[in-house]
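**Student:** Residue-level listing of the chains:
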Amino acid sequence: MTEAVEPVTDEGWRRLHPLSPLLRGGLVLLVVGGIVIANLRDRIIEFLLPEEFVGEQAPNESDLIDFVVDRGLIIIALLVVLGAILLVVFFSWLSWRFHTFRISPDAVEERSGIVFRQHRRAPLERIQSVNLQRSLLARILGVTQVDVQTAGQGGKVALRYLGYQQAKEVREQILRASARSRARDAGSAEEDRRVHEVVAAEELAPDRLTGAAEDFARERSTGRAETGLPASLDRRAREFADLDIDAEARRAGSLVQVPVGRLIGSIFLSWDLLIPAVLLIGSLIAGIVWVPYAFGLTIPMLLVFVGMAYSQFNRGWGFTLSRSGDGVRVGAGLTATNTETVPLGRIHAVEARQPLAWRPFGWWRVRITTAGHSVAQGGQNRLQNLVLPVGFEADVLRVFETVLPGGDAGSDESGAEDRASLRDELSGAGAGYLGAGRRAGWVLWFGRRRAGLRIADAPGIAGESGAALETAAAEASEARATLRIRRGALTRSLSVMPLVRAQSVQLRRPLVHRMIGLASVQAHTVLGPVRMEMRGLRLDDARGVFDRLAAAVVRVQADETARRLEERERRERNREPR
Amino acid sequence: MDEQGTHEDATPAEAEDGAPEWPNRGTAWQRVSPKYAWADLALNLLLVGIVAVISLAILLFADAKPPAFVPVGMAVVAALLLVNAVLAFRRVRAIGYILRDDDLLFRRGIMFERVIAVPYGRLQMVDVTRGPLLRALGLATLKFVTASATTGVNLPGLPLAEAESLRDRLVDLAETRRSGL
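For the protein sequence lines, the chains are A and B, in the order given. Taking this note's numbering, the leading residue of the first sequence gets 1, the next gets one more, and so forth. Taking this note's numbering, the leading residue of the second sequence gets 1, the next gets one more, and so forth.
Same shape as in the complex, but just chain B:
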């Protein structure tokens, strides 16, 4: 696999448009539904709202006038959370997966990028879960469980039908390639 060592570094621009040539080697990443971004955004905005309300309450009802850094700090936190919330679209676009011949390749994250390869034989369980928010959007989350707690792969925001067919397919693959613990 020496040729792998020679390919160009993925530039930030490539990473930005979400299609670096590594490690998929030309195969396009399967994406999750863009609708999922709205769920992500809603949850994050909710968080921003809660923080804002708490900070305002503290500022309004505090007896003594707090030192200057307190409101500034709160504003910074709220602003960061807001930026984080708005990045939802970008974040959801960064989630991708590929069913390779022998393993499932999965990636997510923009700031804290992770790429994971899970051999099919190691999948112990594939779960489809749906929260109320996702259900309203007609989506589902696919959870993968291996014997390792740190693998922690879940694929949020797949359309329900796709999630179920993917689950069935993965369970089949896992069954045929099952290896011992």
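If we strip away everything but chain A, and leave its shape as in the complex, we get:
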């Protein structure tokens, strides 16, 4: 079986994997099979076991099979069944024939349907992430679902299914095309450079794809040499277990992983499980010493408990995070796996959290907000914005560096400085933070001590608004200026949002805040798990912060826009002489 990407038309439309209809119809097939088996169960038992085990049975008048056999219609019945199967196969084949996709210069497109044609389109410059999803069945069959997430409501192109190898190639192509289109339209110098590198690499080795496909190219060549069954089985097994880590990232060692022991420990020590565990023990004790009815609560609680533990375990198993050429790649999953690749610069906020019971071990969890995700996309297979299920401080630092723009731009010296300050922010005193007001204990409880806010690396705001900074400096400030908020007592957290991504800034005075002279400042981001709000600030402080933040946001975003325009103009000037 060859998995080469073969265009079916001259416009670059390609077909999906031939097994796709089977898998897409998999659920229906299972249901039908289930009904058939349930109906035939008695008959099969009767057939397999001697009479005395089954016992006397009243003849079932309404049994369809008896009816068919009695009337001698068995041949016709079989023909009907065969015809139905052929019809289903034919229509599946037809729908497969008509289901195509392509990566055009400005969008990923999908066409399907015979009578009712459907055309879905994901514009390249709006792509937020590209995910490879493999359910257990899909993994066994060696196929993969490719999800292309875009910003906005319901914007998603799902290619179900492609061969695993092909899926990886398609992902690379989409990400590359997306980076190129962004560089063309409004991209940064960095992206531009990266695209040029990729293009150069392509020109050097035209038939070889970058990064991920590399190690498979090798395997494919060996597989082709033998073309025996064992070779393809071996490849299938290797695909099944493949963690989908970027080859370059593996070489460079820029990789974050989570060992199983730590994962299990972290799951049982998180609030999500500690609270049900306490309730469970409570109901057990109540059942023993008080009323036996309390045992009735135990079983559903146990189910909830086990279910939650398992789903977390499943999500965190084999977790890897790496920086691939154009983005951050996160993968995990025990039975079903999901690998998500988020292009750089699409991350709107990052948050590290540490539940109380994790503190002795120094563990943290990191989540992100990206524009592509919405609450509607539940599903157990989603990583749900997790970029680190559990890790030490060093891992958190690495993740922050990977995920935040400009994190790795600085030299080693400034990098070490950044790391030290980030460490202080995570679990230290939080130097330079503006703390909560004196009476904020009323609204923040024990969290008052840690609560704090800082606008980091913001460009000069006051007088110099007219004087344009040098491009390089502006770029650095644009990438690095962040709003940072520390919070919590029972669960400590540090949230960071690049100012370029802020949608609006809000100052709020709810009733209790108002009564004791406090206010709350919030920066709005796109929908996601990270909430950039600092409550319990003194009113004066809050107003000052609001002014500074609003000004900094406007400034940083204006810089970004100006720089983009300039880039575009420069590129156009360069293009003309050629």
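Quick caveat, the hints were computed from the structure, so don't treat them as lab data. These numbers come from a predicted model, not from an experiment. Glycine included, each C-beta is placed from N, C-alpha and C at the ideal position. Accuracy of the hints is not assured; some may be wrong.
Pairwise CB distance ranges (calculated) [what the hints assert, rightly or not]:
#1 B/ASP127 with A/ASP106: 26 to 34 Å
#2 A/ALA431 with B/ASN154: 39 to 47 Å
#3 A/ALA456 with B/THR129: 36 to 44 Å
Just a few of them, taken from the derived set where beta-carbon distance is under 10 Å, the chain A residues facing chain B [said to hold, decoys possible]:
#4 ALA371
#5 SER427
#6 ALA431
#7 VAL505
#8 ALA519
#9 HIS524
With chain A fixed as given, assemble chain B onto it according to the hints.
**Tutor:** Just chain B now, kept in the frame of chain A:
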């Protein structure tokens, strides 16, 4: 911006007359039409009416005599809603906006005061909507949409012509300062 930290706290009296010096720094807030208060009042009175009718129906048609706290509770709820309705004028006066150089500053609320700054580049959509009530008064509501669902800024009760010119102006501003998501 250290001088911002030193200015006096806005006293309730200042907040009452709707012109605190923060954050507008002397620029007057643009107000929405006072006529909008009547629409607000009408809607709230409608709510009071509905609650009153339901409570009366319950009291009249109940088989057994309800315990004393039920009618008392209903009366309290109705009274609170009535106060809320009468505050309509005050509430509408608290709505204000300023078009600053680079962002739209917006405020509303007396009890739950909110001040929001939206950079023009972040405005994705500006909508003019008119319900039947507002149309009768010749008003319109201006809705602002950013990529964040929580921004939630809308400016109710602008005269139609003003709403439309404001929309055009904001769309222009947003267009020239558009930044990526």
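**Student:** State for each hint whether it applies.
**Tutor:** Evaluated hints:
no., hint, verdict
1, B/ASP127 with A/ASP106: 26 to 34 Å, "holds, 28 Å"
2, A/ALA431 with B/ASN154: 39 to 47 Å, "holds, 40 Å"
3, A/ALA456 with B/THR129: 36 to 44 Å, "holds, 40 Å"
4, ALA371, "holds, 5 Å"
5, SER427, "violated, 29 Å"
6, ALA431, "violated, 19 Å"
7, VAL505, "holds, 5 Å"
8, ALA519, "holds, 9 Å"
9, HIS524, "holds, 4 Å"
Checked against the numbered hints given earlier, this structure breaks hints 5, 6; the rest are met.
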